[in-house]
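Participant: Chains as they are written, first to last, in my numbering: chain A, 1137 to 1425; chain B, 290 to 539.
Be aware that a few hints might be false.
Said to hold, decoys possible - Pairs of lysine-lysine, DSBU-like flavour, derived with a Cα cap of 30 Å:
hint : chain 1 : residue 1 : chain 2 : residue 2
1    : B       : Lys449    : B       : Lys465
2    : A       : Lys1326   : B       : Lys520
3    : B       : Lys363    : A       : Lys1318
4    : B       : Lys363    : B       : Lys520
In short, the hints are calculated from the structure, not lab data.
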Amino acid sequence: MTVQETSRAGAGLDLAPQQAAAPSPPAKAARRLPVQKDWPLWAIVAAQIGILAGAIALWQAAADLGWIDGFFWSKPSAIYDTLIKFFTEGEAWTDIGFTFRSTIFGFLLGTTCGSLLGLSFWWSRNYAAIVQPYIICFESLPKLALAPLVILVFGMGLASKVAIATALTLVVSTLTAYAGVKALDSDSEKLFYSLGATRWQVFRKLVVPFCLPWIISVLRVNIGLALTGAIVGEFIASQHGLGRAILYAGNTYDIALVWVAVLVLSALAVVMYVAISWLERVLRKGMRQ
Amino acid sequence: MTFKTPSGAFRALAPVSLSIAPGRFVSLIGPSGCGKSTIFNIVAGLLQPTDGRVLIDGVDSTGTIGRVGYMLQKDLLLPWRSVLDNVILGMEIQGLPLREARERALPLLRRYGLSGFEYSYPHALSGGMRQRAALLRTLLFDTDVILLDEPFGALDAQTKLHMQEWLLGLWADFGKTVVFVTHDVEEAIYLSDEVHVMATRPGRIVESMTVPIARPRQRYATLTPDFIAIKERCLELLMASHNPSLDEAA
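Isolated chain A, as found in the complex:
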């Protein structure tokens, strides 16, 4: 408000000096550029650890003092005990391995097939125009709703989880690779053809390397989607997997075990995310982009 008034008064002075005799303008407030100081790294990390420790302590205290119902919410000490038991007596590694495998297979299958499908649209505009509505339909379809059907078709084992994870990742990769194809500069294609290139040469030497950054950019999204697909598959019907462990623990009111399985699942997700980020960096470096 003050600024507006001041600037109006100032403008009046500049444009019409003869009116300068009017009521003296209010003094302009001196303003400085807001500066934010960066904390040192140790302070940031200390704050992060502090918040986590505080939350855990608060949770424990609340459960012990009866502020929250320990049966529904469980408490950190019980979760810790269950965690130890899960790894020593339970089937932790079988479950982790199962979920990991379905995620990775689904991720690889969906990303590869999706990218190839997206790239294939470069070959023919007619083919792309014909197929496009189907892709968009499949994209807007809530694929998880089909999960029960997938279980029926592919059975209770790994295959059904891989199928759901593939379905989730496939469309994203297809659409992204196709976006890359559409962004291709037609002059670059002209250059290749002026050098007498065949279509296959243009595809291999121009289209694929040009679209690679697009394809790589969805890897991180896809690994998360693949994990979601695998877990949902396990929720519906499975004999192994972290998803099954969560569902089983919930059905038997073993809330501490639910937390443990979720915790392990998050750890798995983080590990895979970091691994994919690293892969992405390596790939980008390989292409100097």
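Knowing the structure of chain A, use the given hints to seat chain B on it.
Facilitator: Then chain B, alone, in the frame of chain A:
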């Protein structure tokens, strides 16, 4: 080399006939939209003319790609390839083994001002250097005729002068037939043996003139009466072709 190129219904190019003797340096100048690029695309086989033919060495090459080197306005260097691998693109596409192509390109990169940048990536190069790389790519694609579409249009005046000398040196060494498109009248006259002035609606050649200045040319050639006379005539033609379009708009 002869071609007659009346083209499509939209950006109509009136019947154009142009024949260029081997080894000549020829420029096309004209306002934008006069069909210079259309002619190039037809000669390069990227556009099928509705009527007319492209003859290269007396052979009908209408609609045939890979017969002439064509440098588009943008340098179009591939960012994921080193300068060396960009420059050999033409040879690679023609099926030459990579090693042989690289061996052939390396000495040329060093001789024509890209030494030290053979293994750099295009983003590390200045505008002038990118243009050099793009030109070498066009030259190394071993054809007798090369088409240059405003190769120096985006460069600053100083770099442009350097690049013109550099191009003349290259042309003298390689003895190719060059067809050059530019907006810059002085550039066209200074570089060329022949200048063809074009006009719009429909695109056509209104006048062709030879440049009687002996080679090798010095910079001060641009100040001689001969040069200035040609320049005046060119500008006059360009202005004349510009006015009717203004009248149409009004």
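Participant: Compare the structure with each hint and give your call.
Facilitator: We went through each hint and held it up to the structure:
1. Straight-line distance between C-alpha atoms of Lys449 of chain B and Lys465 of chain B comes to about 21 Å, which keeps the hinted pair within the 30 Å bound.
2. Straight-line distance between C-alpha atoms of Lys1326 of chain A and Lys520 of chain B comes to about 33 Å, which puts the hinted pair past the 30 Å bound.
3. Distance check on the hinted pair: Lys363 of chain B and Lys1318 of chain A sit about 19 Å apart at the alpha-carbon level, within 30 Å; holds.
4. Distance check on the hinted pair: Lys363 of chain B and Lys520 of chain B sit about 27 Å apart at the alpha-carbon level, within 30 Å; holds.
Hint compliance for this structure: hint 2 is the single one not met.
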